[in-house]
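Undergrad: Residues per chain are reported as follows:
2 protein chains.
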Amino acid sequence: MNARSAATTRFEEAERDPQIGKDAAKPIITDLRSALLKAQYARLAKADRSLLIVVAGIDGVGKGSTVNLINEWMDARHIRTLAYGPPTQEESRYPFLWRYWRHLPAKGRSGIVFGSWYGPLFNELVSKKPNRSKVEQLATTIRDFEALVANDGVQILKLWYHLSREAHKKLTNRLLADPETSWMVRPEDLQVARKFKRVREAAGTMIMLTDSDLAPWQVIPSADERLRAISTGQAILAALQAPAAAAAEPPPLRQLLPASPAQPRKRRLARVDHSVRLSENEYDDLLAQWRSRLAHLVRSKAFADLPVVLVFEGNDAAGKGSTIRRITHALDARQYRVVPISAPTEDERARPYLWRFWRELPAPGNITIFDRSWYGRVLVERVERFARPAQWRRAYEEINQFEQQLTDSGILLIKFWLAITKDVQLQRFRDREHSPFKSFKITPEDWRNREKWGAYTNAANDMFDLTDTSRSPWHVVSSNDKRHARITVLERIVTAIEARLAR
Amino acid sequence: MNARSAATTRFEEAERDPQIGKDAAKPIITDLRSALLKAQYARLAKADRSLLIVVAGIDGVGKGSTVNLINEWMDARHIRTLAYGPPTQEESRYPFLWRYWRHLPAKGRSGIVFGSWYGPLFNELVSKKPNRSKVEQLATTIRDFEALVANDGVQILKLWYHLSREAHKKLTNRLLADPETSWMVRPEDLQVARKFKRVREAAGTMIMLTDSDLAPWQVIPSADERLRAISTGQAILAALQAPAAAAAEPPPLRQLLPASPAQPRKRRLARVDHSVRLSENEYDDLLAQWRSRLAHLVRSKAFADLPVVLVFEGNDAAGKGSTIRRITHALDARQYRVVPISAPTEDERARPYLWRFWRELPAPGNITIFDRSWYGRVLVERVERFARPAQWRRAYEEINQFEQQLTDSGILLIKFWLAITKDVQLQRFRDREHSPFKSFKITPEDWRNREKWGAYTNAANDMFDLTDTSRSPWHVVSSNDKRHARITVLERIVTAIEARLAR
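Chain order of the listed sequences is A and B. Everything in the first sequence is counted per full-length UniProt numbering, starting at 1 for the first residue and increasing by one. Everything in the second sequence is counted per full-length UniProt numbering, starting at 1 for the first residue and increasing by one.
Simulated from the structure, these hints should not be mistaken for lab results. Hints are not guaranteed to be accurate.
Identical copies carry no separate label here, and so any pair may be met within one copy or between two of them.
[Said to hold, decoys possible] When the alpha-carbon atoms are kept at most 30 Å apart in a straight line, the in silico DSBU-like pairs for lysine-lysine are as follows:
id : residue 1 : residue 2
1  : K107      : K38
2  : K170      : K301
3  : K482      : K46
4  : K452      : K195
5  : K107      : K441
6  : K107      : K438
Only chain A is shown next, with the shape it has when bound in the complex (with noise of 0.2 Å):
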């Protein structure tokens, strides 16, 4: 049986509108309730995953009631409720995910979704003539989403809420006639009477294209209000207490990485020209220039519309700090913020680790400067294995996918690795050590990672063959030379900028 068919197959089930009665419910009804406090107690303590569950079906069936019932039989304290409608004026300035990303609960507690990622598709399938690429897209977006968050602690369950024709009609009807209950039928609700078959096939299309092992599909039969309760608690609890799955093993690193040539060249930091130089003369006059250029340009009409995320990378002592201050000079403090990134805080590492960073991501007219990002995963977590390396491998993926979904929506996203050679570095550390207002800057983190020289720079290198892509290229800047980087990277970031406003 194909796909589709297995749809349709568990939507006849539902069709068939099964009842349960009040006796009969009355027992089951208990014994649930308990089991769910229970399980729901026990993954709170233990806390290694968070539960998302996504209510979507067909509209006017009682999923809100459903919900409401959902916080009474559980303890609600535990549990945020998460429902979406049409995405405000603020939320379209952000790519369609971001919205979902901000509120994702942390292990250990649950959330309940309406309003879900899955409304594009839907609306696009149920339309009259469905866009074939656009249903791709959404549909891969969302696949590729939830098994990044399913991999990463993130459990998913998605139930459908079905039932058949008549049972909507009866059901619909039946709340109009009353009007102490009217209000409960709302304008979408009446217009699934009209397209139901339209709104099945739709459904049936939708459910084949995302289900998946980490984040299946449930038919709930939702005519009748008791039987909808049960089903929905009893797939909760199942939820609650089924093993973490197994994360999808990634391919092994060779096979990620392009074949090797006949004539091996040089890997990208090794041909890295370190000898470029600035005088200071020649320096002071390009930063002026370089500087009003860049100011002058964020200041205009046209970038009001732009958002830019800038992604600073490379070794311990490169000048990353201090090359993001020359470009913050130009701009105004209410337009850009610089995140610092360093080790996970409590509710971050309660979470997907992209998690921090899609929070901070710019509106349109606004710079986000990222010192340090989530190339840490494959950088650092690889090299002190604070990841396992199925995590860092199926990283470059995830970082693509992430980095694509930035871009689709519009946002400028420009990547730099600053580079310096070992003994450069050794010459900054000293400096740092006898200065006594750079001493803070040198730990004993720092001398361990540069023993550790080799690792980083294989991980570096890797990572450049992996997430280096036409839309998002790595832009790899000598800065044994600190004016040479920071005139080098102004000049890529006006550069790329005005390319982008004169489109």
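Fit chain B to the given chain A structure using the hints.
TA: Just chain B, lined up with the frame of chain A:
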């Protein structure tokens, strides 16, 4: 010397445009930078207060570049620059201080505020015909805010950047003359020259109105770049090194409470009529009616402009949760949020106690329901001594001011106390212990609180006496009969909303 001329005197010193030569500055800066870093790390380690630096002053004197320099001299990882422009559309839907409350830094860290809460007051003072009552209102709001946060772990340093009219003109012209720096001059900077006298007077008045021991103003001479930076650094250093100021000692409780009349009447909780009952039939009818009225109301067009805050307090087991559910059953999941309040998290303890409530305020058309609230300060924190007497005695007025800001901004605030008698509480505690799915709701803490019934009753009665205002009265509802409580609460909410929408 009166306060106004004290400010003018400070301006006179700054308007002499003092300078410092490069050679003289160098050793000062070197020492200052080391001392600043040392003091910053000491503050971070001790984490007893945060430091909030308000950067205000004449436009166009280089406040932005001074702030950049501070970020360079200190460890920028523990400083957040909070720059605000004119209120965004989202921000305008909330009370004016909301956006500042949201970003208060945690204890140990620092925040630099640009575009602070002084904006509206200064703009009013500098306008052609300042509205006196508006000026008074804004100044009072600012003083109350600063006193509140300064008494609760936020050290405020207010810097006014000042120089003579001639120096300002010279600076502006110099920047304008060079196309590489002309971008630094903003339209508002040019306006300063024209109305320097008015700006100076407005500033003097503003400083006089808002200067206080807990949150003093300092005037920073700004004509000379180096001296501006040194003065800023020295002001910050002094603030970081200053011992924590003793918080204001509020009047003793008996002074706050209304004088006892000759014939003492019973206190509020003793006057509750617990004999009210509703039969099951009455209840079912009334519930359906009020639920329907509420449901229609919140879906009406007019409601989309109204933000609503509901507060529920009361004895343990009074029925807060189940009453709240009867309300939310009528609402759309997208328009409400229930916020259950219990012991503060680490993030919350690092900020003033009201911070976590400011974060949950609703936008227009939305409802936030607090299950327990800021009143915890004068209830559990008073009885269990989690707050010092000075802190909870101060809280009555702080709470009244807070609620006034909410209602001033258009929020409909309704406060409920659900009251039960001691014997009914005992019965419900016992029921919970024996229910397989309610037993999580009864803990040893509940039994311990019960032993302090008298103290809690007394604290609640004081609370009613001191925070029952005509704008925001308390509704004390007997909840011995849960059905009666639910109907009464629904009825109050519906009639309050209807009355507001009818205006």
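Undergrad: All the hints need checking, so say for each whether the structure fits it.
TA: Hint by hint, here is what the structure shows:
1. K107 / K38: Answer is within; shortest intra-copy Cα gap is 17 Å, inter-copy 37 Å.
2. K170 / K301: between (55 Å within a copy, 28 Å between copies)
3. K482 / K46: Neither. Shortest intra-copy (48 Å) and inter-copy (36 Å) distances fail the 30 Å Cα cut-off.
4. K452 / K195: neither (63 Å within a copy, 61 Å between copies)
5. K107 / K441: between (33 Å within a copy, 22 Å between copies)
6. K107 / K438: Answer is between; shortest inter-copy Cα gap is 24 Å, intra-copy 38 Å.
Checked against the numbered hints listed earlier, the structure breaks hints 3, 4; every other hint is satisfied.
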